[in-house]
Amino acid sequence: MSLTVALSKGKLLAGTQELFGRAGLPFPDGESRRLVVSLGELRFLFVKDMDVPTYVEYGVADCGIAGRDVLLEAESDVFEPLDLGFGRCRLVVARPAGAHFAPDGSSTVRVATKYPKVAAGHFLGRGLSVEVVRLAGSVEIAPGLGLADCIVDVVETGRTLRENDLEEVEDVAESSARLVVNRASFHAQRTELSSLVEALRRAV
Amino acid sequence: MDGAHRLAQIPPGVQCFVGDEARRRRRIEGVVVSVFEGWDYEEIIPPLFDYADVFTGDALSSKTYSFVGRDGSVLALRPDFTSLLAKIAAGRLRERPAPIRLYYSGEVVRYEPPKAGRQSELFQMGLEHLGGDPRAADAEVLTIAAECLERLGVRGFVLTLGHVGVFTGLLAGSGIDEARLEQLRERVEVKDEAGIRRALAAVDIPPEARRALERLATLAGGPEVLDDAAETLACCPAAAEAVGELRTVSTALVRAGLGAHVAVDLGEVRGLDYYTGLVFRVFAPGLGFEVGGGGRYDTLLGRFGRPLPAVGFMLGLDRVALLLARQNEERDPAPATAEMVTGRNLGEALAEARAKRAAGARVRFGNGEER
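In order, the protein sequence lines correspond to chains A and B. Here the numbering used here is used: the first residue of the first sequence is 1, the next is one more, and so on. Here the numbering used here is used: the first residue of the second sequence is 1001, the next is one more, and so on.
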């Protein structure tokens, strides 16, 4: 029986391709626009990064690769057996550079983010009232335009923040690429999945 | 928006079954109930609502539809059958000697956003074995679960066995605080070995227990995993005893011919908070989430004044139906074609229809306008 792997064509693609190469596993070439590609015993689905946990949770894909940031937001019920080590970044709270804003200094934190659950959980968990402005992208411009006091977003090098005159105030979580596995597949297709997991484990 | 349109809307989380779907559900329920009856379990039809404090437990209380009764008491629509059956066994059936074997089949209501085969209204078919020899009861309940799936025609199903005592045993006496415990439990559940290591960094436990907790992420597989587990967990008597219990049960199941369907998952540490020993889930190819599950709850009946060990399991009807559809099992047999009965004289036609009914026919009565 073959396995279905959910991947995103986003920032984790290059790292994933390298990992599969090191593990001696097939990987579709980057030129194709096809979203479903079968190679030998593996079938690859290319979906939006935020959707990878969903495909895996429902068992449409047996496993997948997703950032920890995405997993925190998706709150999906999946196994996360491997930290794959690449795609490292941090989720942080950032505010306009030099602003007086401090999360615990205001009655309600207005935060713009692509991670509404993570952002709300971060502030509510500390007893701070929060108003989440959900955006699909270009989050960095929101505070400067008065849409929010701060943002919660991922930072790799910090360059995007600096170029948009933002500075980090606090850490929310660390992230890296994770292998996620469907709970039912893990048991019902144990043989096939465990050899894939072991091949990837050795290659990390 | 006109009134009729507004009234046609339905709230999220509820479902309606028509014709073939309803027939399929009745058939599934019939198969499962006949297995329960076949193992000499007795049906209980519990009330639809009861006092809210019957259903305590963090996992359930946040999902309970509760309301205030006319006398000011807080009531709840049943979110679960097990608590109700425990209450009945300890109350109305107080004089009944153990072991007591009870089953139920009906709806529970939980506040849950519709997701992954979960609706707010769930149809559960399950049983509870109260009292008796615990290992024999565990093995009996698992065997009944397997027979239900066999008779339903489910292919390739797996019963994954875990034990609450492995995780709690390894942490006994560690003094780990609540927040860290939850974080650790969550990382064990998702089999994140590196995450377990991080969650344990500041916890003061013996090195063998620490290694064993990290290993919970990978102690999953066939029944042979229990050999490995016995070695890894030898350092901790409580955890080793839990593994011993699982071994007794799994050996019996293998001996009974169910070896192909038995798996072990010692990272299985979640579930309703009343579980105290064996916990298990049922998976099958074609469905990405469990079809059912169960476990041992030795302290729940004590809450109602009759301390009895107990074990139970349930299958979700919605999920079984989904699984059978995915596995593309044989179509449900169609009902017999109805015979049309019409006639100019209403009384004569009715008499004819009654005669056909008495002979067992499916009858469609009409005045000739419909066909």
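Just to be clear, a hint being listed does not mean it is correct.
[Said to hold, decoys possible] Quick list of in silico lysine to any residue cross-link-like pairs, SDA-like style, CA-CA up to 20 Å:
id, chain 1, residue 1, chain 2, residue 2
1, A, K117, B, Q1183
2, A, K117, B, K1115
3, B, K1115, A, F27
4, B, K1115, A, M50
5, B, K1063, A, P28
6, B, K1063, A, D77
7, B, K1063, A, E75
8, B, K1115, B, P1012
9, A, K117, B, S1062
10, A, K117, B, V1014
11, B, K1115, A, E75
12, B, K1115, A, L71
13, A, K11, A, G121
14, B, K1115, A, D51
15, A, K117, B, Y1111
16, B, K1115, B, V1014
17, B, K1115, A, P116
18, B, K1063, B, D1020
19, B, K1115, A, V60
20, A, K48, A, K117
21, A, K117, A, G98
22, A, K9, A, S106
23, A, K11, A, F27
24, B, K1115, A, D77
Since the hints were derived computationally from the structure, they do not count as laboratory data.
Comparing the hints with the structure gives:
no., hint, verdict
1, A:K117 - B:Q1183, "17 Å, holds"
2, A:K117 - B:K1115, "17 Å, holds"
3, B:K1115 - A:F27, "31 Å, violated"
4, B:K1115 - A:M50, "16 Å, holds"
5, B:K1063 - A:P28, "44 Å, violated"
6, B:K1063 - A:D77, "17 Å, holds"
7, B:K1063 - A:E75, "17 Å, holds"
8, B:K1115 - B:P1012, "11 Å, holds"
9, A:K117 - B:S1062, "18 Å, holds"
10, A:K117 - B:V1014, "25 Å, violated"
11, B:K1115 - A:E75, "12 Å, holds"
12, B:K1115 - A:L71, "16 Å, holds"
13, A:K11 - A:G121, "25 Å, violated"
14, B:K1115 - A:D51, "14 Å, holds"
15, A:K117 - B:Y1111, "19 Å, holds"
16, B:K1115 - B:V1014, "12 Å, holds"
17, B:K1115 - A:P116, "19 Å, holds"
18, B:K1063 - B:D1020, "31 Å, violated"
19, B:K1115 - A:V60, "14 Å, holds"
20, A:K48 - A:K117, "18 Å, holds"
21, A:K117 - A:G98, "27 Å, violated"
22, A:K9 - A:S106, "39 Å, violated"
23, A:K11 - A:F27, "16 Å, holds"
24, B:K1115 - A:D77, "11 Å, holds"
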